[in-house]
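Residue numbers (my numbering), protein chains in the order written: chain A, 44 to 368; chain B, 44 to 368.
Please note: incorrect hints may appear among the correct ones.
[What the hints assert, rightly or not] To list a few chain A residues with every Cβ distance to chain B over 12 Å, as calculated:
1) Glu56
2) Lys57
3) Asp115
4) Ala169
5) Ser172
6) Met174
7) His249
8) Thr258
9) Lys272
10) Tyr273
11) Cys285
12) Gly310
13) Asp348
[Stated by the list, open to error] Part of the chain A face toward chain B, derived, beta carbon under 7 Å:
14) Arg81
15) Val84
16) Glu88
17) Asn91
18) Gly136
19) Glu139
20) Ile140
Source of the hints: derived by calculation from the structure; they are not laboratory data.
Where a beta carbon is used, it is the ideal one built from N, C-alpha and C, also for glycine.
Number of protein chains: 2
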Amino acid sequence: MRIDALQYCNYSEKIFRQWREAQLDAVHVTIAYHENFREMVANLEEWNRYFERFPSLIFKGTTAADVESARDSGRTAVFFGFQNPSPIEDDIGLVEIVHQLGVRFMQLTYNNQSLLASGCYEPVDAGISRMGKEVIAEMNRVGLVVDMSHSGNRSTIEAAEISSRPIVITHANPHAWHPALRNKSDDVLRAVFQSGGMIGFSLYPHHLKGKSDCTLESFCTMVAQTAEKYGVEHIGIGSDLCQDQPDSVVEWMRVGRWTKQIDFGEGSKAAPGFPAQPEWFEDSRGFNHLHRGLLEVGFSAAEVDLVLGDNWHRFFRENFSAINS
Amino acid sequence: MRIDALQYCNYSEKIFRQWREAQLDAVHVTIAYHENFREMVANLEEWNRYFERFPSLIFKGTTAADVESARDSGRTAVFFGFQNPSPIEDDIGLVEIVHQLGVRFMQLTYNNQSLLASGCYEPVDAGISRMGKEVIAEMNRVGLVVDMSHSGNRSTIEAAEISSRPIVITHANPHAWHPALRNKSDDVLRAVFQSGGMIGFSLYPHHLKGKSDCTLESFCTMVAQTAEKYGVEHIGIGSDLCQDQPDSVVEWMRVGRWTKQIDFGEGSKAAPGFPAQPEWFEDSRGFNHLHRGLLEVGFSAAEVDLVLGDNWHRFFRENFSAINS
Numbered sequence: 044m045r046i047d048a049l050q051y052c053n054y055s056e057k058i059f060r061q062w063r064e065a066q067l068d069a070v071h072v073t074i075a076y077h078e079n080f081r082e083m084v085a086n087l088e089e090w091n092r093y094f095e096r097f098p099s100l101i102f103k104g105t106t107a108a109d110v111e112s113a114r115d116s117g118r119t120a121v122f123f124g125f126q127n128p129s130p131i132e133d134d135i136g137l138v139e140i141v142h143q144l145g146v147r148f149m150q151l152t153y154n155n156q157s158l159l160a161s162g163c164y165e166p167v168d169a170g171i172s173r174m175g176k177e178v179i180a181e182m183n184r185v186g187l188v189v190d191m192s193h194s195g196n197r198s199t200i201e202a203a204e205i206s207s208r209p210i211v212i213t214h215a216n217p218h219a220w221h222p223a224l225r226n227k228s229d230d231v232l233r234a235v236f237q238s239g240g241m242i243g244f245s246l247y248p249h250h251l252k253g254k255s256d257c258t259l260e261s262f263c264t265m266v267a268q269t270a271e272k273y274g275v276e277h278i279g280i281g282s283d284l285c286q287d288q289p290d291s292v293v294e295w296m297r298v299g300r301w302t303k304q305i306d307f308g309e310g311s312k313a314a315p316g317f318p319a320q321p322e323w324f325e326d327s328r329g330f331n332h333l334h335r336g337l338l339e340v341g342f343s344a345a346e347v348d349l350v351l352g353d354n355w356h357r358f359f360r361e362n363f364s365a366i367n368s
Numbered sequence: 044m045r046i047d048a049l050q051y052c053n054y055s056e057k058i059f060r061q062w063r064e065a066q067l068d069a070v071h072v073t074i075a076y077h078e079n080f081r082e083m084v085a086n087l088e089e090w091n092r093y094f095e096r097f098p099s100l101i102f103k104g105t106t107a108a109d110v111e112s113a114r115d116s117g118r119t120a121v122f123f124g125f126q127n128p129s130p131i132e133d134d135i136g137l138v139e140i141v142h143q144l145g146v147r148f149m150q151l152t153y154n155n156q157s158l159l160a161s162g163c164y165e166p167v168d169a170g171i172s173r174m175g176k177e178v179i180a181e182m183n184r185v186g187l188v189v190d191m192s193h194s195g196n197r198s199t200i201e202a203a204e205i206s207s208r209p210i211v212i213t214h215a216n217p218h219a220w221h222p223a224l225r226n227k228s229d230d231v232l233r234a235v236f237q238s239g240g241m242i243g244f245s246l247y248p249h250h251l252k253g254k255s256d257c258t259l260e261s262f263c264t265m266v267a268q269t270a271e272k273y274g275v276e277h278i279g280i281g282s283d284l285c286q287d288q289p290d291s292v293v294e295w296m297r298v299g300r301w302t303k304q305i306d307f308g309e310g311s312k313a314a315p316g317f318p319a320q321p322e323w324f325e326d327s328r329g330f331n332h333l334h335r336g337l338l339e340v341g342f343s344a345a346e347v348d349l350v351l352g353d354n355w356h357r358f359f360r361e362n363f364s365a366i367n368s
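So here's chain A without its partners, still in its complex pose (with noise of 0.2 Å):
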């Protein structure tokens, strides 16, 4: 199996061959960055369309199963995800609801506190909220993994606390490797992993050694040192690839309708854009050159498999359905 654990991109017919032509079996797509709970289903819809006028080459991921369906009949299953828990407003019913609509992860939060927890540009972390521990508590019934992608160390580490099942990093890379503000520290590793859970790194040049300059070899070291650290079979691949998107899709990223000014986020007032992605990561071919520089830093084939998808498999067969379903 080879999945990406979470993609952002401007998707078109282009886009879906690529993953084809990089084996993807199955993509985690962002599906809500600040909206409401009617403007994410308007961006389901879309989806929707997508998948009635490409329908050899995806279809709608919701269970591990959909994963082998899809290798076994050469297509992507998409599987979708929130990077905010702005769809669920106020209203802890829309977690089951949301579920039901296909939706299998949710970031307690973006860069900013939520109702539910604290990101990690806050400068105050207060850990998860009242209704943060309600919503935890109902994710885990129904089978909505919690990521804390974007979220600050003490939410990240009291949420890994509070789960009953594993929460998972979709798409950040070690902090000592790159020490981004997005990049994750020990201790929130081991939190994450001790719950079960997985990391799945990301190709955002932001998040690299070097930006866009970062090397195969550098990448596929740390990968290589992560798992030797903590165990391959929590490892793997989140891309945050954002291919395609205009830079006015970047900006409701991080402005929303939360401010009135220009917040940069992870870039700056002289790079506001995104940035250029590594060579060797342009698309999801990558995952075709990450497949060799894994082999070339020192993993078996059989661990290659697991960091490239089969650990993301196996994740989704635990975690996407209620526990006695």
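Fit chain B to the known structure of chain A by using the hints.
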């Protein structure tokens, strides 16, 4: 199988237990009269809480196989429908979304003109609108059944012609038996049946000959005459039971937000609330009386099974999913 193809009760454990006493394997419940999309979702959330609280009595049904599971596990499968297209707002993409949320029936109108067609209380019925044609095609595609219970004659006959799949009247009776505005003329019934569709006979007093005083024999004789005229395969029950509802609910059904006046619908100023049920159908357990009554007017045991649920079960099997899925 026993299936009631329409109820709108003030649900409670008492009513769910009566469903079991009535041996109801499935009930189609109305979850919207005038609600917009978000308000309808709140009603779905309420049902999710019922399912969580009473798992030994009820579960959410979306396929004919769920009716069989219900029978085999001694529970009742609850199917969702709208009596008005208000939850899809002006957005055709919501047709597939509501189907994905489990909705299986949608009336193109309640009593008034809608974006799609005309209701039976309108002085002029212009038939199916431009959007109505588009929505019928989309409903056909995804497997959302067109229900014309409250629509005007022209709209109903046109819907039967336009729809590529069978349309239904979930709850009404023949106009020839009792000339209520909501009951259906022969040409309407013929159009529905020629589409391959069904009628669910109503036990709502305003639809009954003699209203609250209607006898079991009169009702069952009407069923027999309809079966003789059109074929028993088109016939089921849609009781329109509104059990334990306060009068404020009948006002919401009739008035919604469309007028500042009071509209009495099938009632009157002197009798604005819910009428009394006939004593042989005070709640779902009336199905047991119907079983006896239908045998007494000459139906065979196998025919009684068809009328009390097997016909609807066949209809569910053929009409609740995309044609090629």
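We went through each hint and held it up to the structure:
Every C-beta of chain B lies more than 12 Å from that of Glu56(A), the closest at about 20 Å, which supports listing it as non-interface. Every CB of chain B is more than 12 Å from the CB of Lys57(A) (nearest about 23 Å), matching its label as outside the interface. For Asp115(A), the shortest C-beta to C-beta distance to chain B comes to about 17 Å, beyond the 12 Å cut-off, and the non-interface label holds. Chain B leaves Ala169(A) outside its interface by the beta-carbon criterion, the shortest separation being 28 Å against a cut-off of 12 Å.
Distance check on Ser172(A): its Cβ is at least 21 Å (rounded) from any Cβ of chain B, clearing the 12 Å threshold; non-interface status holds. Even its closest Cβ contact with chain B, about 16 Å, leaves Met174(A) beyond 12 Å, as expected for a residue assigned away from the interface. At roughly 34 Å from the closest C-beta of chain B, the C-beta of His249(A) stays outside 12 Å, upholding its exclusion from the interface. Thr258(A), annotated as away from the interface, keeps every beta carbon of chain B farther than 12 Å; the closest lies near 44 Å.
At roughly 41 Å from the closest C-beta of chain B, the C-beta of Lys272(A) stays outside 12 Å, upholding its exclusion from the interface. A cut-off of 12 Å between C-beta atoms confirms that Tyr273(A) is not in contact with chain B; the least separation is 36 Å. Non-interface call for Cys285(A) relative to chain B: holds, since the shortest CB-CB distance, roughly 24 Å, exceeds 12 Å. Annotated as non-interface, Gly310(A) keeps its C-beta farther than 12 Å from every C-beta of chain B; the closest such distance is 33 Å.
No beta-carbon of chain B is positioned within 12 Å of the beta-carbon of Asp348(A); the least distance is around 31 Å. For Arg81(A), the interface hint holds, the least distance from its beta-carbon to any beta-carbon of chain B being 6 Å, beneath 7 Å. For Val84(A), the interface hint holds, since its Cβ comes within 7 Å of a Cβ in chain B; the closest pair sits about 6 Å apart. The criterion of a C-beta within 7 Å of any C-beta in chain B is met by Glu88(A), whose closest approach is roughly 3 Å, and the hint holds.
Taking 7 Å as the C-beta contact cut-off toward chain B, the hint placing Asn91(A) at the interface holds, the least distance being around 5 Å. Interface hint status for Gly136(A): upheld, as the beta-carbon distance to the closest one in chain B is roughly 3 Å, under 7 Å. Below 7 Å, beta-carbon pairs count as interface contacts, and Glu139(A) has one with chain B at about 5 Å; its hint therefore holds. Checking Ile140(A) against chain B: minimum C-beta separation of about 6 Å stays under 7 Å; hint holds.
Consistency with the previously given hints is maintained throughout, with no hint failing.
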